[in-house]
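Undergrad: Sequence:
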Amino acid sequence: MKTTTLLQATAFTALAIAASGAVQAQTKTLYVGMNGGNFEKTFTQHVFPDFEKANDVKVVVVPGTSSDILAKATAAKSNPQMHVMFLDDGVMIRAIGAGLCEKIKDTPALANLTPGARLKDDMAIGIDLGMTGLAYNKKMFEEKGWAPPTSWMDLADPKYKGKVVFQSAAASSFGLHAFLMFNRIQGGNEKNVEPGFSKFKDTIGPNVLEYIPSSAKISEMVQTGEAAIFPLTPTAVSAHQEKNIPVEYAQPKEGSVVLMVTECVIANNSEPELAQKLAAYLLSPEAQSKALQHGNIVPSNVNAKAPTPEAEAKLKKFHEYMKTAVTLDWDTINEKRPEWNSRWNKTIER
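Using mature numbering (1 follows the signal peptide of the UniProt record, and there is no 0), the letters of the sequence shown map in sequence onto residues -25 to -1, 1 to 325.
In short, the hints are calculated from the structure, not lab data.
Mixed in with the good hints there might be a few duds.
[As the list claims (entries may be wrong)] Computed cross-link-like contacts, BS3-like style, restricted to lysine-lysine with a CA-CA straight-line distance of at most 25 Å:
#: 1; residue 1: LYS192; residue 2: LYS136
#: 2; residue 1: LYS192; residue 2: LYS134
#: 3; residue 1: LYS52; residue 2: LYS80
#: 4; residue 1: LYS228; residue 2: LYS174
Construct all of the structure, not just a fragment, from the sequences and the given hints.
TA: Structure (structure tokens):
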């Protein structure tokens, strides 16, 4: 009897282990390409877990810059290794043009997105809203008695001579955005940048203290009193304020420039239904509320909630800015960017 019972128990244990292995074998993995750092940490720790639990799936981040992720997706186009990818909007337009994305399926969440968040007939959708406007050294402005800036043309105001910090249009989206808005004010557009190039040197140019490749030096230059005014995003301004750096954001009357991180479902991926389901979840107010709370990632879904009344007030103001934000012609930009970069380096920054 004892021997029979022992054999039965052993058999039951073996069956249980086999069943457990079968369940584990059924757990699928989705690979998501996105920026590392804050994005990877926020989504891995706070956003993906609910989706993973509800769908018996593991979501793994493939970290990298937008250019890195695009390169990986391009190299594996015939046999995609990723299922969803996050790219900056301008880079995403290139990905769509290369046939790397499939249309995101319609869900109730799409009706609650901020205007401008949906790209190219829903081939990609904004997951983190941003915009490039103007920022200024609040301490310096108060000491000088200067009113906050209201226009992109304030960068050309003689009183800021030697106090404008401008990101390189050849290396930075912020610098490119500011240059293209100046170009529009001068009568140009993305198909005609002659007005911008011909007039920049004699207007904004004399005021520029330094052309910087990124915004990393701005905090230092504000604290040393070198920088008065510069292109920047509200999110970056908030990050400076959290470090007690006296920076304030100003929305230009001509509009800021939309700067989004967007998501797309990769075409011909191995788990199309699950990938679409993940993309839809990431646009839900629940997922975007978590991303906002834990990573300061600005939601595209207007029903996402901020964790505090102060954060809610900031979010409301941000959505007001989005109403006048300008979407650039990225098809033309991507085609002409190498030519512009060369001309900028030879004629503006030389």
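Undergrad: Among all the numbered hints in the text so far, which are the ones the structure does not match?
TA: Those not satisfied: there are none.
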